[in-house]
Amino acid sequence: MKQVPTLRFRAALAVAATALVLLYVPLTVLPILDGLLFAAPWIDVARDVGLLAWLALLPATALALVAWLASRLLARFGEERASRWAWALLLLPSLLLVIRQAGRMGWQWTRTVFDVQWQLAPATKLLVLALAAACLVALWRRFGPRLLPAGVQALQGAAGGTTLVLVLALCAIAWNPPHWVPMPSAPVSGGQVEGAKRAPHLIVITIDTVAAADARACDPATVTMPRLARFAQRAHCFERFYTASNFTTSSVSTQETGLLPWTHHANQPDSTMLAAVRGHTVAAQLRADGYRTHSVTDNFLASPRHRGSYADYDSSWVTRTALSGDRYRRWASRLPNTTLPRLLAISLAPLNWADSRLHRGSSSPYESEKVYADVTRLLKQEQPNGRPQFIWAQTLPPHSPYLPPASTRYRLLPPGELERWSDLLPDNIRYRQEQQPLVDKHRLRYQESLMAADAALGDFLDQLERDGWLEHSIVVIGTDHGESFERGFLGHAGPDVHEALVHGPLVIRLPGQQQGQKHSEPVSQADLAPTLLDLVGAPPLPHAEGRSLKPLLAGSALAPEPVFTMTLERQSRFRPIRQGRFAVIDGHEKLVLQMPEKLVHLFDLASAEGESLDLAAQRPERVMALRGLLEQQLQAAERRRQGLGP
Amino acid sequence: MHRTVLVLLLGALLVFAPPAHAYIDPNAGGLLFQLLAPLFAAAVGAWLFLRRWISAYFRSLWRRLKGQREE
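Those protein sequence lines, which keep their order, are chains A and B.
Numbering follows the numbering used here, with no gaps: position 453 of the first sequence is 454.
Numbering follows the numbering used here, with no gaps: position 32 of the second sequence is 219.
Do not rely on the hints blindly, as some may be mistaken.
With a straight-line cut-off of 25 angstroms between C-alpha atoms, the simulated SDA-like cross-links for lysine to any residue are [said to hold, decoys possible]:
id, chain 1, residue 1, chain 2, residue 2
1, B, 253, A, 601
2, B, 253, A, 158
3, B, 253, A, 164
4, A, 599, B, 253
5, B, 253, A, 126
6, B, 253, A, 161
7, A, 126, B, 215
8, B, 253, A, 166
9, B, 253, A, 157
10, A, 599, B, 218
Chain B regions said to be covered by chain A (calculated; three or more residues, Cβ under 8 angstroms) [to be verified]:
id, region
11, 216-226
12, 233-246
So the derived label-pair ranges between C-beta atoms look like this [stated by the list, open to error]:
id, chain 1, residue 1, chain 2, residue 2, range
13, A, 514, B, 221, 54 to 62 angstroms
14, B, 221, A, 600, 24 to 32 angstroms
15, B, 235, A, 600, 44 to 52 angstroms
16, B, 243, A, 351, 43 to 51 angstroms
17, A, 354, B, 251, 47 to 55 angstroms
18, A, 646, B, 254, 32 to 40 angstroms
19, B, 222, A, 514, 30 to 38 angstroms
20, A, 151, B, 221, 50 to 58 angstroms
21, A, 629, B, 218, 42 to 50 angstroms
Read the hints as simulated data drawn from the structure, not as lab findings.
Quick caveat: nothing in here was measured; it's all calculated off a predicted structure.
Note that CB positions come from ideal geometry on N, CA and C, so glycine has one too.
So that you can see chain B by itself, here it is in the shape it has in the complex:
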């Protein structure tokens, strides 16, 4: 029950973001952002789902660089 209340409160915080009340950067959402945002999301996603494979690869690369044998 407590957990549900907590999650509801967190949800409210997320959805009811206040208005900016400040200068909005007119260039927010420019071309660079349009390109980099999905790349960043892809990189984070790749890390979340492939991190074991990525870690293993770099570990093996490190061992090879140090001249150690694969276990």
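Same shape as in the complex, but just chain A:
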């Protein structure tokens, strides 16, 4: 039997660090490298991967320490045997992680290159498990004794490469150091401020993932959101509110800046907004006008820490969730100008396994109440300073997993189905037609989650009223995007822009408002920032693509204007705009342009068929007009992209 070298701490550290830095980190980052380079310059990506490599030294050191301690403890059984066990203790978890990541990368590569769309049935999965286990047992029996010394030698031999990578990483970090932003990012003022501006507070509540058809917020008879509907009865309720995109990062960036996704370019999960527009936010304008500005959310993608606008807020708080992986991501969000939170989340994906089992049979790991509790705490802290407040709260429920709490579970779908996390289909997937009945059941659990989110919202609004905030605040309640259970797509994000994904609820209540009003004209998420600034008399955003809805809220008419929604997930911010799906909604007509194929579809949303019937061939003149409008806007967006830089 081949001998293993005696385990010394330094050698153990070199081996563990090499396994993690030279193998695990690249295997983790490579599959998402294209996406990272779509959203950030390569020097930023190099720095962030460098940070990840240095962080990998923490588990490497822990492993080396455990292995070294084991070798000391086992020394009484002989140096050789102790070293063998200690090396095994060190190599087994490291190599297991590497093999897992290599398997995922290989699978991803095979699927991409050969365009394979395999979905394994449970029985096939079991067969694959049995085969994989048998192969591993056979390999271990055949080569086990030789694998350990060979593995140690191979990794020890590459330790020089690890040192080189870490030195290069350090150079990239030093060249472009990340910002450290504590949480909360600024001390809360404790006393009355002399001459503080007298203006209404602005409380913006964004409930993640609410489709208008499921919420029916303007309908007092709604089953899913009765508390919101009751609130809307003494507020302005918009029946046709369109989000700017179909997932959080992109749409929330529009809500904050008044700029559409083709201008702010926060269009991938890892994206920040373009550097040039990060100060072009409602928070920046309000702060300059004397407001205190705060963000509270349990959704990382909704936090200004994620999207690059954190400098415009006095505090940006990320509410804790029950997911263990989120703890590390939350910690990393203190480095907000990096993609480290995302990289860390992907690196720690093996923890998802524990999370999904910890939450088996229980409710969602996200709770709206926690976000509202953080907002309430913040309001109490801020009350004494007498300054007007801008608070933007975003809560994840009813976002998947659709695991409603006991208070609303089983109201629509009886027990026995879709009760555990593992029972649910994965998020954001295309599904086959024969799966529609199962997807319909997912929708019922989603609606139960929506009921719970509504109850939490109602309690929070009652609390605001009791504490006296409501009468002095403009309250905006909306969503960032919808949720699809139709047209072969479950969830959100992805390339589609059908109504379920981009049509959401919007309610705006002015201070002291008692009379409700419904509005049926299409309005855009890009209108929110200009509206808020206009309502409080703050300076407008100079380049906003939305418009103020204040005239509507004041009872006047507003000339109808088309609204736009889009998804640009495969569009690099460094290249001309050629990839994406764009929709323009003009009255009851909706034109969808699919690029680069340049396919167009026209729908009449007021007709019974809605988006099931393409009218493009029947109304060529409307196609030409709306397509011309879209292409004109796209050209303008492209000119802006070139002018704004990365």
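Fit chain B to the given chain A structure using the hints.
Relative to the frame of chain A, chain B by itself:
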């Protein structure tokens, strides 16, 4: 026997990866990845099988650079 059980458990961990339950990067598996992934695999494979030759080459290069004679 213990070893077999251990390996079976490890195999289960590998095969039963949980669903992502998060935004999947739509650009995962892009062109750069398609190019770099096999290169990375080739580099690791080359190191595993040719490391003695590679080490010897660099050692000899280092000695030459330092003006030492080959042994």
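Violations among the numbered hints | Violated hints (numbers, rising): 1, 4, 5, 16, 18, 19, 20 and 21; every other hint is consistent with the structure.
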